[in-house]
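Undergrad: This is what each chain is made of:
Protein chains: 2
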Amino acid sequence: MSELPAWLDEVAFDANGLIPAVAQDAASGRVLMIGWMSRESLALTRSTGLAHYWSRSRGRLWKKGEESGHLQRVQEIRLDCDEDVILLLIEQVGGIACHTGRESCFYRRLDDNGWVVVDSVRKAPDEIYRR
Amino acid sequence: MSELPAWLDEVAFDANGLIPAVAQDAASGRVLMIGWMSRESLALTRSTGLAHYWSRSRGRLWKKGEESGHLQRVQEIRLDCDEDVILLLIEQVGGIACHTGRESCFYRRLDDNGWVVVDSVRKAPDEIYRR
Chain A
1 MSELPAWLDE VAFDANGLIP AVAQDAASGR VLMIGWMSRE SLALTRSTGL
51 AHYWSRSRGR LWKKGEESGH LQRVQEIRLD CDEDVILLLI EQVGGIACHT
101 GRESCFYRRL DDNGWVVVDS VRKAPDEIYR R
Chain B
1001 MSELPAWLDE VAFDANGLIP AVAQDAASGR VLMIGWMSRE SLALTRSTGL
1051 AHYWSRSRGR LWKKGEESGH LQRVQEIRLD CDEDVILLLI EQVGGIACHT
1101 GRESCFYRRL DDNGWVVVDS VRKAPDEIYR R
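Protein chains in written order, with this note's numbering: chain A, 1 to 131; chain B, 1001 to 1131.
Rather than coming from a laboratory, the hints here were simulated on the basis of the structure.
Warning: the hint list may mix true and false statements.
Some chain B residues judged to face chain A by a derived CB distance under 7 Å, without partners named [unchecked claim]:
no. : residue
1   : GLY1029
2   : ASP1080
3   : CYS1081
4   : CYS1098
Ideal placement from N, C-alpha and C gives every residue a C-beta, glycine not left out.
Construct the entire structure; sequences and hints are all you get.
TA: As structure tokens, then:
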């Protein structure tokens, strides 16, 4: 992991070496998901133009869409005032960011009866993930 | 902390009892900030309609805008597919979410020269925070 670019040193990764990254659809403005990034995944996101995250559950680098084809083409990378959150403005290939087949992972809204699913499934997960 | 509502039990707080919350301006669509929420701050956000966070640096509950007046009126609370991120759709009072006096905390964009400030200050911080 030598030769990491200087701008990476301004990013405040947490004690686990990670930073949360918000992915926002540049066209619709919808917030699609949050992923966690390592230094390497952020560097790769920059160098390839495709969003890369760190999967905490699988403990490995993860290119968004590597299985589903639902890549995220990055248009802008932004950093917040505390240098500890990343915002990606992206084009969401396939219009689906969520593993449930929905556009956004934020498909439940709190109402008087609790969390209610308010967004529809665009493509069934078993059509997305052929194993 | 008794009598917390049932919907709170579906929210996956981390080992520190916190969950990240993205605040998005419901009108402009801009992502303004990420804050961290405790169970209590999320419950208060719901019951008061004003965004409450947990300040990790100060170690206390924090009503957004309590000093600056830049309250966040909550229109929607959403939960992601893993139940471990909150999205707030809000009206940002004063049009300023960032302590630097900018609309959004994400005012730096990565370009060929590194992180570049691309958003202007709407109000000087010393006019916002009178001590």
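Undergrad: So, for every hint listed, does it hold in this structure?
TA: A quick look at each hint next to the structure:
| no. | hint | in the structure |
| --- | --- | --- |
| 1 | GLY1029 | 3 Å, holds |
| 2 | ASP1080 | 4 Å, holds |
| 3 | CYS1081 | 5 Å, holds |
| 4 | CYS1098 | 5 Å, holds |
Every hint from the earlier list agrees with this structure, and none is contradicted.
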